[in-house]
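Asker: Chain order of the listed sequences is D and B.
For the first sequence, this note's numbering begins at 1 and goes up steadily by one.
For the second sequence, this note's numbering begins at 1 and goes up steadily by one.
In case anyone wonders, no lab produced these hints; they're calculated from the structure.
Treat the hints with care, as some may be off.
[Claimed, not checked] Within a straight-line C-alpha distance of at most 20 Å, the following computed EDC-like cross-link-like pairs (lysine to aspartate or glutamate) qualify:
#1 D:308 - B:69
#2 B:18 - D:83
#3 B:47 - D:80
#4 B:2 - D:317
#5 D:302 - B:66
#6 D:302 - B:69
[Said to hold, decoys possible] Okay, the calculated beta carbon distance ranges per label pair:
#7 B:19 - D:426: 52 to 58 Å
#8 B:115 - D:353: 32 to 38 Å
#9 B:43 - D:197: 56 to 62 Å
#10 B:15 - D:425: 45 to 51 Å
#11 D:4 - B:19: 30 to 36 Å
#12 B:81 - D:13: 21 to 27 Å
#13 D:419 - B:86: 55 to 61 Å
#14 B:23 - D:32: 45 to 51 Å
#15 B:81 - D:419: 31 to 37 Å
#16 B:2 - D:21: 43 to 49 Å
#17 D:430 - B:43: 54 to 60 Å
#18 B:19 - D:353: 55 to 61 Å
#19 B:2 - D:329: 51 to 57 Å
Predicted model, so just to flag it, every value in this text is computed and none were measured.
All C-beta atoms, glycine included, are put in the ideal place defined by N, C-alpha and C.
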Amino acid sequence: MTIPVLKNYVNGSWEKSTTQELGDVWCPATGEKIAQVPYSTGEELDRAVAAAQDAFWEWRTTPPLTRARYLFRLRERFEENFEDIARILVREQGKTIDESRGEIRRMIETVEHATGVTTMMAGYCLEDVAKDVDTIALRQPIGVFACIPPYNFPAMVPWWFMPYALVAGNTYVVKPSEQVPMTQTRVFEIIDDVGFPEGVVNMVHGSREVVNALLYNPQVKGISFVGQTSTARYIYKACGETGKRVQALGGAKNSLVVMPDADLERGMPSIMTSFFGCAGQRCLSGSILVAVGDVYEPLKEKFLAAAKSLRVGNGLEEGVAMGPVVSRTHQEKILGYIEQGLAEGANLLLDGRKITVPGHEGGFFIGPTIFDRVTPEMTIAREEIFGPVVGIVRARDLDEAIGLINHSSYGNAACIYTQSGKAAREFQYRVAPSMIGVNIGIAAPMAFFPFGGARNSMFGDLKGHGREIFQFFTDTKVVISRWF
Amino acid sequence: MKLATIGAVLTFALEREKDAIAFLDDILVQAPALAEELAAIRIAKAKHLKMIEQLRRENVTEMILEPIEGLDSDDYQLPAQLPAGATEPARKSFMAALEQGASCYLSNAAQKVKQSDIARILKKIAREKDALTDALVAGLEGTA
Chain D
1 MTIPVLKNYV
11 NGSWEKSTTQ
21 ELGDVWCPAT
31 GEKIAQVPYS
41 TGEELDRAVA
51 AAQDAFWEWR
61 TTPPLTRARY
71 LFRLRERFEE
81 NFEDIARILV
91 REQGKTIDES
101 RGEIRRMIET
111 VEHATGVTTM
121 MAGYCLEDVA
131 KDVDTIALRQ
141 PIGVFACIPP
151 YNFPAMVPWW
161 FMPYALVAGN
171 TYVVKPSEQV
181 PMTQTRVFEI
191 IDDVGFPEGV
201 VNMVHGSREV
211 VNALLYNPQV
221 KGISFVGQTS
231 TARYIYKACG
241 ETGKRVQALG
251 GAKNSLVVMP
261 DADLERGMPS
271 IMTSFFGCAG
281 QRCLSGSILV
291 AVGDVYEPLK
301 EKFLAAAKSL
311 RVGNGLEEGV
321 AMGPVVSRTH
331 QEKILGYIEQ
341 GLAEGANLLL
351 DGRKITVPGH
361 EGGFFIGPTI
371 FDRVTPEMTI
381 AREEIFGPVV
391 GIVRARDLDE
401 AIGLINHSSY
411 GNAACIYTQS
421 GKAAREFQYR
431 VAPSMIGVNI
441 GIAAPMAFFP
451 FGGARNSMFG
461 DLKGHGREIF
471 QFFTDTKVVI
481 SRWF
Chain B
1 MKLATIGAVL
11 TFALEREKDA
21 IAFLDDILVQ
31 APALAEELAA
41 IRIAKAKHLK
51 MIEQLRRENV
61 TEMILEPIEG
71 LDSDDYQLPA
81 QLPAGATEPA
91 RKSFMAALEQ
101 GASCYLSNAA
111 QKVKQSDIAR
121 ILKKIAREKD
131 ALTDALVAGL
141 EGTA
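All chains should be built: construct the whole structure from the sequences, respecting the hints.
Answerer: As C-alpha cells, this is what we get:
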C-alpha cells in the first residue's frame with residue numbers, strides 16, 4: 001500500500017513541501033505507518049505567512065457578517081463530512097469513535113459560536129465624556145495569527161482559536177501536530193471547498209523549524225499554543241521577546257476530590273470518564289483521585305470494579321471504551337512512570353502494562369492502571385503522565401484535599417464530588433486551578449466560556465474561546481472626538 | 001455483539017434500518033403492487049435514519065465510561081428474508097415484523113441509555129414505527 005505524503009495548504013492551493021525530511025504517522029491501534037508528514041522548511045512557513053499578510057487587508061475590510069457566512073458554510077460542510085473526519089481522527093490518534101465524534105461536535109460548536117461576531121466584536125461608546133466630547137472604543141483585527149495545536153485533540157484545538165481569528169478579520173496559519181496531521185488535512189480539504197479567499201487560511205506541516213519560524217516571523221502578530229508545559233513556556237518567552245500576543249496552554253496534574261457524602265453511584269461514570277477517557281490523554285483528565293475520610297474504601301472498591309470492566313481496543317470498533325495511547329514513545333514513557341510508581345513504594349492495584357488486544361498486537365495499548373497509597377511527594381503524584389494511570393491519595397478532610405491541590409505547580413482543573421453546597425463553594429473558592437468541576441469529572445468549558453488554566457498550565461492572559469477571545473484577536477482602538 | 005456505548009447503540013440502529021431498507025427494495029422488485037405501502041415506509045425510514053444520524057453527531061458529546069448493560073445486537077437481528085414466491089399478506093406481515101422489531105429495539109435502547117435527550121428521540125421513532133406497524137396490520141386484516 002502506498003503511504004501518502006501530506007501536503008501544505010498555502011494561498012488557496014495544495015503544495016508539496018520541498019523538504020527531504022519526513023516524519024511518520026502511525027495508527028496507534030495497529031502500530032502501522034499510515035502517512036508521512038513533511039517537516040517543512042522555515043522558508044515555506046514564511047511564504048504562508050506572507051500569503052496571509054497579503055490577504056489580510058481585503059479580508060479585514062470584508063463585513064463581519066460576510067466573514068461569518070464562510071463559517072456558516074463551513075459548519076454545514078463539517079456536518080456533511082462528520083463521520084469521515086471522525087474516523088480519520090481515530091485512525092491517527094487512537095481515541096474511540098464516540099470520543100472522536102464528541103471532539104468533532106466541540107469543533108463545530110466553536111464555529112457556531114464564532115458566527116456571533118456581530119455582537120461579540122462590537123465595541124462601545126459614551127457621549128459627553130467631557131463637554132461636547134464623545135468616545136468610542138472599536139475592535140479592529142490585527143493581522144496574521146497562528147496556532148500550534150497538540151496531538152490529543154487534532155480536530156478541535158485549532159478551532160478553539162481559528163474561527164474567532166478569521167471572523168474577526170484576521171488571517172491564519174495552522175501548524176498541525178506532526179503526530180496527527182491527517183485530521184486537519186481533511187479539515188483543510190473542506191476549507192478549500194468552502195472557498196475562502198486565497199491566503200486567508202493556511203496550513204503548514206512541520207516540526208521545530210516551522211514552530212521557530214512562526215515565533216520569529218515579524219508578520220505573525222499572535223500565537224495560540226496548546227501542548228506540554230516546557231514548550232508552552234518556551235513559546236511564551238519567544239513571543240514576549242518578539243512582541244507577539246500569546247496564549248500558551250500547558251500541561252496539567254488534575255485532582256478529583258471525593259467527599260464522604262458523594263453520590264458514588266451517580267458520580268462513578270463521570271469519574272471513570274475523567275481518568276480513562278481518551279486513554280487519559282487530556283489536559284482535563286483526572287490524574288489523582290483524592291478520597292476524603294471514610295469514602296476511601298467504598299470509592300476504591302467501586303472505582304476498581306468499574307476500571308476492570310472497561311473494554312480496551314481499537315477505537316474504530318463500536319463499543320470499545322478506551323483506545324491506545326498515541327505513540328510507541330508515549331507508551332514507553334507511561335510505562336516508565338508506572339515503574340517509577342512501584343519503585344517509590346506505591347501499591348499497584350490494577351496493572352495495565354500487560355494488556356493484549358487480540359488482532360492488534362502491534363498497537364500502543366496500556367490498560368487502566370491504578371495505584372493506591374500514593375503520597376504527594378511521589379513522582380507519579382507530581383508529574384503529568386498523560387495516560388490511563390491513576391494515583392489514589394487519602395486526605396483527612398476537605399482542607400487537606402485543597403492543600404494537596406494547591407501544592408501542585410500546575411493549575412488546570414480540579415473537581416469535587418459532594419452533595420454539600422458549602423463544601424463545593426469552599427472548594428471552588430480556594431483551589432488554584434481555573435477550571436472547576438462540581439460532580440463533573442471533565443470540567444471542559446464549552447465554546448462560549450473561556451478555556452485555560454493557571455500556574456504552569458497556562459502562560460498568557462486571555463484564554464481559548466469564550467467571549468474574551470475577541471480581545472485576543474482584536475486591538476481596541478479608542479477614538480475621542482469633538483466637532484466644532 | 002454487546003452494545004455497550006451510545007455510539008454502538010446508535011450505529012446498530014442505523015445499520016438495522018439500512019438492512020431493512022435493502023429488504024424492502026427486494027420486496028418492491030418482487031411485488032410492485034405493494035409500491036404504495038413500501039413508499040410510505042421508505043419515507044419514514046429515511047426520516048428515522050436522519051434522526052438517528054443526527055443523534056449520533058450531536059449528542060455524543062459526553063463520554064460516559066460506564067458500559068450500557070443488557071443490550072445485545074444478537075437479540076434484534078432482522079427476520080430471515082422471505083422466499084421469492086411469498087404471498088402478499090406474507091409480505092405485509094414481514095414488513096410489519098421489520099418495523100415491530102425496530103420499535104422493540106429502540107424502546108429497549110431508550111430505557112438503557114442514560115441521556116434523556118437520546119432516549120426521548122428513540123422513543124419517538126419507536127412510536128412512529130408502531131404506528132406504521134399498526135397500519136400494515138390493519139391492511140392485512142382488510143385483505144383477510
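Asker: Work down the list of hints and note, for each, if the structure agrees.
Answerer: We went through each hint and held it up to the structure:
no. : hint                      : in the structure
1   : D:308 - B:69              : holds (15 Å)
2   : B:18 - D:83               : holds (16 Å)
3   : B:47 - D:80               : holds (16 Å)
4   : B:2 - D:317               : holds (12 Å)
5   : D:302 - B:66              : holds (12 Å)
6   : D:302 - B:69              : holds (17 Å)
7   : B:19 - D:426: 52 to 58 Å  : holds (55 Å)
8   : B:115 - D:353: 32 to 38 Å : holds (34 Å)
9   : B:43 - D:197: 56 to 62 Å  : violated (41 Å)
10  : B:15 - D:425: 45 to 51 Å  : holds (48 Å)
11  : D:4 - B:19: 30 to 36 Å    : holds (33 Å)
12  : B:81 - D:13: 21 to 27 Å   : violated (51 Å)
13  : D:419 - B:86: 55 to 61 Å  : holds (60 Å)
14  : B:23 - D:32: 45 to 51 Å   : violated (37 Å)
15  : B:81 - D:419: 31 to 37 Å  : violated (54 Å)
16  : B:2 - D:21: 43 to 49 Å    : holds (46 Å)
17  : D:430 - B:43: 54 to 60 Å  : holds (59 Å)
18  : B:19 - D:353: 55 to 61 Å  : violated (41 Å)
19  : B:2 - D:329: 51 to 57 Å   : violated (33 Å)
Checked against the numbered hints above, the structure violates hints 9, 12, 14, 15, 18 and 19; every other hint is satisfied.
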